[in-house]
Structure formats: structure tokens, C-alpha cells
Amino acid sequence: MKLSDAVLGLLLLALSAAVPIASRGFHAVPGQNIGPGAFPQLVASLLAFCAVLLMLRAARSGQLRPWLLPGAWLRLAPQRRAFVVCVGGMLLYVGLSDRMGFIPCGVALLLALGLALRQPWQRVVPQALLAPLVIHTIFYKGLKVPLPWGLLSGVAW
Amino acid sequence: MISLASWTQAAALLFDPYVLAVIFVSALYGLAVGAIPGLTATMATALLVPVTFFMAPVPAVAAIVTASAMAIFAGDIPGALLRIPGTPASAAYTDEAYAMTCKGQAELALGAGLVFSVVGGLFGTAVMILFAPTLADVALRFSSFEYFWLVVLGLASAIFIGNASPLKAGISLLLGLLVACVGMENPAAQPRFTLGVADLMGGIDLIPVMVGMFAISELLRFVVNTDPPLKVVTQRIGNVFAGMGGLLSRYRWALLRGNLIGVVVGIAPGSGSDMAAWLSYAASKKFSREPEKFGTGHVEGIVEAGAANNSALAGAWIPALVFGIPGDSITAIAIGVLYLKNMNPGPTMFTDNPQNIAAIFLVFILANLLMLPLGWLAIKVAAKVLKVSRAALMPVILLFCITGSFASNNAVFGVTLMVAFGLVAFLMEENGLPVAPVILGLVLGPMLETNFVTSMIKSDGDPFVFFTRPIAMWLAAGTCLILLWPVLSWAVSKIVLRQTHANNHAPPPSNPP
Numbered sequence: 001m002k003l004s005d006a007v008l009g010l011l012l013l014a015l016s017a018a019v020p021i022a023s024r025g026f027h028a029v030p031g032q033n034i035g036p037g038a039f040p041q042l043v044a045s046l047l048a049f050c051a052v053l054l055m056l057r058a059a060r061s062g063q064l065r066p067w068l069l070p071g072a073w074l075r076l077a078p079q080r081r082a083f084v085v086c087v088g089g090m091l092l093y094v095g096l097s098d099r100m101g102f103i104p105c106g107v108a109l110l111l112a113l114g115l116a117l118r119q120p121w122q123r124v125v126p127q128a129l130l131a132p133l134v135i136h137t138i139f140y141k142g143l144k145v146p147l148p149w150g151l152l153s154g155v156a157w
Numbered sequence: 158m159i160s161l162a163s164w165t166q167a168a169a170l171l172f173d174p175y176v177l178a179v180i181f182v183s184a185l186y187g188l189a190v191g192a193i194p195g196l197t198a199t200m201a202t203a204l205l206v207p208v209t210f211f212m213a214p215v216p217a218v219a220a221i222v223t224a225s226a227m228a229i230f231a232g233d234i235p236g237a238l239l240r241i242p243g244t245p246a247s248a249a250y251t252d253e254a255y256a257m258t259c260k261g262q263a264e265l266a267l268g269a270g271l272v273f274s275v276v277g278g279l280f281g282t283a284v285m286i287l288f289a290p291t292l293a294d295v296a297l298r299f300s301s302f303e304y305f306w307l308v309v310l311g312l313a314s315a316i317f318i319g320n321a322s323p324l325k326a327g328i329s330l331l332l333g334l335l336v337a338c339v340g341m342e343n344p345a346a347q348p349r350f351t352l353g354v355a356d357l358m359g360g361i362d363l364i365p366v367m368v369g370m371f372a373i374s375e376l377l378r379f380v381v382n383t384d385p386p387l388k389v390v391t392q393r394i395g396n397v398f399a400g401m402g403g404l405l406s407r408y409r410w411a412l413l414r415g416n417l418i419g420v421v422v423g424i425a426p427g428s429g430s431d432m433a434a435w436l437s438y439a440a441s442k443k444f445s446r447e448p449e450k451f452g453t454g455h456v457e458g459i460v461e462a463g464a465a466n467n468s469a470l471a472g473a474w475i476p477a478l479v480f481g482i483p484g485d486s487i488t489a490i491a492i493g494v495l496y497l498k499n500m501n502p503g504p505t506m507f508t509d510n511p512q513n514i515a516a517i518f519l520v521f522i523l524a525n526l527l528m529l530p531l532g533w534l535a536i537k538v539a540a541k542v543l544k545v546s547r548a549a550l551m552p553v554i555l556l557f558c559i560t561g562s563f564a565s566n567n568a569v570f571g572v573t574l575m576v577a578f579g580l581v582a583f584l585m586e587e588n589g590l591p592v593a594p595v596i597l598g599l600v601l602g603p604m605l606e607t608n609f610v611t612s613m614i615k616s617d618g619d620p621f622v623f624f625t626r627p628i629a630m631w632l633a634a635g636t637c638l639i640l641l642w643p644v645l646s647w648a649v650s651k652i653v654l655r656q657t658h659a660n661n662h663a664p665p666p667s668n669p670p
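As you go down the protein sequences, you meet chains A and B in turn.
Mapped onto this note's numbering, the consecutive letters of the first sequence carry residue numbers 1 to 157.
Mapped onto this note's numbering, the consecutive letters of the second sequence carry residue numbers 158 to 670.
The set of hints was computed from the structure by calculation and includes no laboratory data.
Values in this document were obtained by computation on a predicted structure and should not be read as measured data.
Just so you know, even glycine gets a beta-carbon here, dropped at the ideal spot from N, CA and C.
It is possible that some hints are incorrect.
Per the computed footprint, the stretches of chain B lying under chain A, defined by three or more beta-carbons under 8 angstroms from a beta-carbon of chain A, are [unchecked claim]:
1. 207-213
2. 321-331
3. 553-564
4. 612-623
Covered stretches of chain B, going by a simulated chain A footprint (3 or more residues, C-beta under 8 angstroms) [to be verified]:
5. 341-351
6. 375-384
In silico DSS-like links for lysine-lysine, alpha-carbon gap of 30 angstroms or less [stated by the list, open to error]:
7. B:K260 x B:K541
8. B:K498 x A:K144
9. B:K450 x B:K537
10. B:K498 x A:K141
11. B:K443 x B:K651
12. B:K442 x B:K260
With the hints as constraints, model all of the structure from the sequences given.
Pasting the structure below:
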């Protein structure tokens, strides 16, 4: 998914304009001539300069359009599906892992992604059942990381 | 200079069964990740960071050093057998190595890659042992003004030494510096750009960002990949050490040049093993007595560039240890680990904890020596390792990434950061914006701001002091030269063009009557 350099420059310009706006509330340190907003604003002004250069370069080379060039993968259903499953799976993990627990979420994620990547189910199912258990044991038991138990809290080991 | 007592203490720290086991397991892990195409040495290092949380400082650093050195070498294996570099550091001579395999010389290509990687790694380590402590003595005299310029010099080099367009690399770097501004970790301890999220008060956690930008983005690129699956060359590989003595004496000068290029490129901030390999391969071809053989399966380039990429790895640790400025993206990650382990890099580490510095030097020696037998083993089982399906591995890697990002703060917010930065890195790379400068900006941002603000307070707001101190002045001149280089080269080329144009259109000299 490629944006034209002109659009990219415009987005970066908007970001650099947002920095001084967000820095307005920063309090100056008494007795110091340089406040907490100085450095981010300096970086933002350099970013704005680069954004303008990017837009000028695009204008000079005549590469203003297309504004958005969708990648080849966006036209292919299997790749699109795998991307959605991968990103959606991570987001669902963020939202549900506390309630569902690491192991159930891990099993669901591995099953969904394995099948989306067109792997044979004979490989996907055992891997999805075993890998979360092994990773859980390494991190929870070995490294004492408090991975959430969620639905399995009754049988936590 | 590091005292004998510190070396003895370091040896005691290192030759502990637990530390040796960590080194051994990290070596196997680095070899496996490096040998699988598409999984880079940087990704290997980023994925290892969450595990190093739970280790003492010395084994944690040992794990990072060993895994990265092994991964850089192992990248040669799929390069020679599949024509696909395992890591970008092997890309420079992949075609050459594959051409040798096609000629039935796979063992010579892989053997040269292994033996000269070890030689390069040991050379880089020797330079580090000799020069890092001396440089640290000089660095002790530096104040905030010199550090400010050193950081700017590092960041400027990161923009211009790379494959991406300098403008886009600069944009990536500035984005990294802006991300580094989030949170309260600034000289005024003012919460900045936290958007009211309490988890952002402490700043953006480096580990989920690195896992997201290097591992998740790679995973996303894999799932949308439209290339056909890889075909594995199954070929019996004979004795990889045969003929190495002959190569060593025949190409001794090329080897020395490769080692030197590697160390120098490694020391230059922002450029790592891949750049070292490309430069030394080009130098090898330029100075070779048989340049016409390059590209047809000639081992000379592999000898030189194979040594260069591993000596660059050690070279990159010199500015990392002495100034806290990473030489490449792997050392940027390593610096994060050093801070986490309270081994704050900088010249004072050489005076306060010389045993830790000596331990890092010893780890480099040990890891490079271990590369010889384990690398041989990796080559022997290469055909089997390369058959492992990446599609089968990727879901498990994703779960490791999630667990590692969660473990950085024991909070699911780490996973949120990982997803966000993974997506950002994926989109950035699709648009030609390199990812490594973001990490450099993120690591160096707080250091840059602190030194900038401290210097401005010291100088009572007078920016000219940045240019008047003797060392600072030279560093400033170097930085300005690097930053203005594109403008200078453009101006020179314009003048030359105009002169050529004028000469071509000048009226012919009239014949004397």
C-alpha cells in the first residue's frame, strides 16, 4: 500500500503541525531559558522541512498521482485473508486475553493463522494445541511472567 | 587499560556452567534463525530481548552477542544453497556463493564463509579490545557539548550511510526522535504527548517497539508475500575446511582489507554488517587481479566480504560501549539491554565496572571460536533446516512476540504497542521509509535532548558555545560536512556539468592566417 510522496509529505506536515499545538500546555521550568517543549518543536520543524522537500521532489518529478497505489497482495484473497487474520488476531488478543487467558487465546490464534496460511490441518491442530502450552510453561513457570489464566483459572497449575 | 584482576573476574563470571549453557543455546538459536531466509539477525536479537530480562547482566549480553554473530554467519548458508540470503549481511555475495554451488563448490563457498567469518569476528574483537579502553579514556574528558555533537554525528551518519533515500531516512530518524519525546523521561520531567494514557507516562517501552518494528512487520510482509515458495537444493556437502589454508595465504591482503573495512564501517554509527559486506565486496572486485571472475563463482569476494560482515559486528560495539551510541540496529537493541541490566554504556563503565567490559570482550572471543564447530554442524544439517516451512514457523513466532512484549512490563499494553509499531513499520517499508533509523532515534533521542538542554542551560542560552570548544568544534565541522554533503556534491556536479557544456559549445579555435 504505497502513498504518493506528495500525500506522505502532507501527512508528515500535519503531524509536525500537531506537535506545537500539543506542546502549548507544557509548563516552563522556573529559572531555565529552555522549556520541555523546545526539543520536540525543534524536531517537528525539521520534520516539516523534510515533508516540504518530499512534496517539492514529488512535484518536480511529476509523481503526484496516483495518491494511493494498493499493493499486489490486496487483490489476492488468500493474502488479504491472512493479513486480516494476523492483525485481527493480535487485536483480539489485546482485547480478550485478560478474560479468556493466554492459552485459549494462543490456541485460537495459532489455529486461525495456521489455516489462513493454508497449512494442512494435521500440522496446524497439534501445533496450535502444543505451542501455547510450551510457551506458557517457559514464560510462566521458567521466567515467572504472570501470563493471564482467564477461563482456565480454575485449573491453573 | 583493563587490569589483569578485571580479566580474571570476567573469566570467573563467564566460565560459569549457566553462562556457558546460555551461550551454547543462543548460538544454536542464532544459527537456526540466521539460516532461515526472511528471519534476520536483527529479528533474532529483538526476539531474544524479553528472555534476557530474566538473566544476570553477563549472560544477557552473552546471549545477544552470540546469537547475533551466529545469525550473521548462518545467513551465508541459504545464500549458497538457495540463492536467498538468510540475513541482509550475506546479500552482497549471495550470487557469487550460489554460482559456486552450481559449479559443485558448495563446500568451498560455505567453508570460506565460515572460516573467514571467524577470522573477521576475531579481528573486530581484537580492535575493540585494543582501542575501546583508550577511546574511553578520551571520552572521559567529554562534556555535554561534545556528547551532543557525537549523537548528532551518529544520527547524521545513519541518514547518509544506507540504501534508502537520505531524505526518507532523515524522516524516519525524526519520527524516532518524536516518539522518544513521549512520556516523562525528559530533563523537565514533564509528561509529554501521553494523550491521557497512564501507560505512556514512563515513555514508549523500547522492547515492544523493537519486536513490533523488526519481527511483526517481517511477519506481515511474509503473510502478504506473493512470491512462489522456496525450492531447497539438497546437495551433499563435503569437507568444508579443505583448502582454507591455501585461501588464507593467497588472499591475505584481501582478508586484511575486508577486516579493516568491516571494523571501520561497523564503528560508523548507523551502518552495520550489510553495508560492510557490500563495500568490501566492491573493494575486493576493484583491487582483485582477476576481476573478470567475479560473479562467475569466484571465492575471493566471499573471503573478503564474509570477514567484513562479522568484523563490523564487533566494530559496531565500540561506539556502543564507549559512548552509548549504537553502530547498527543490533547494537541499538543491545544498548537497550545494557540499560535494562544497569550496565549503562559510556566511558565510566570502563572505570567503574571494567570486569563487565572484559566479560563482553571474552564473550566475543568465545562466540567466534564456538562458531567454528557449531557453524560446521549447521552446514552439515543445512538441507534439513532449510526444509522447515516458514508458514509453519510464523504463527509460533507471533505467539513468542506477543509473550515477549507482554513480559517487558507484565502488561497487555506492551502487546498494543507491538501491534501499533508493527503496522507502522510495515506501512513505512511499503513506502520506502527505512525502519532502523526510527530505532536509532528512539534510543538516542533522550541522550540528544538531555545533552542539548544541559548545554543550553550551561551556556545561558548561547548556541555559539556548541562551536567554540576545541573537540566540539571538530565534531561540529564533521557533522556539518556529512549533513551538507548532498548539497556540496550537487553543487560540484552542477559546476562540472556547466563547464563541460561550455567546452562543448565553445567556438572552434580559428586557424592562423
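For each hint, the structure was consulted:
Counting residues of the stretch 207-213 of chain B whose C-beta lies closer than 8 angstroms to any C-beta of chain A gives 3; at least three are required, and the coverage claim holds. Evaluation of the coverage hint for the stretch 321-331 of chain B: fulfilled, as 5 residues show C-beta separations to chain A shorter than 8 angstroms, against a requirement of three. Here's how the stretch 553-564 of chain B fares: 8 of its residues keep a CB closer than 8 angstroms to some CB of chain A, so the rule of at least three is met and the hint holds. With a threshold of 8 angstroms between beta carbons, the proposed coverage of the stretch 612-623 of chain B by chain A holds, since 4 of its residues qualify and at least three are required.
With 6 residues having a beta carbon nearer than 8 angstroms to a beta carbon of chain A, the stretch 341-351 of chain B meets the requirement of three or more and the stated coverage holds. Coverage of the stretch 375-384 of chain B by chain A holds in this model, with 6 residues showing a Cβ closer than 8 angstroms to a Cβ of that chain against a need of three. Taking the CA atoms of K260 (chain B) and K541 (chain B), the gap is near 22 angstroms; set against the 30 angstroms cutoff, the hint holds. A threshold of 30 angstroms between alpha carbons decides the hint, and for K498 (chain B) with K144 (chain A) the separation of about 18 angstroms falls inside it, so the pair holds.
Between K450 (chain B) and K537 (chain B) the alpha-carbon distance is near 28 angstroms, which keeps this suggested pair within the 30 angstroms criterion. For a cut-off of 30 angstroms, the pair hint linking K498 (chain B) to K141 (chain A) stands: about 22 angstroms separates their Cα positions. With a C-alpha separation of about 28 angstroms, the suggested pair K443 (chain B) and K651 (chain B) falls inside the 30 angstroms cut-off, and the hint holds. The suggested pairing of K442 (chain B) with K260 (chain B) holds, with an alpha-carbon distance near 20 angstroms, which does not exceed 30 angstroms.
When each numbered hint is compared with the structure, no violation occurs for any of them.
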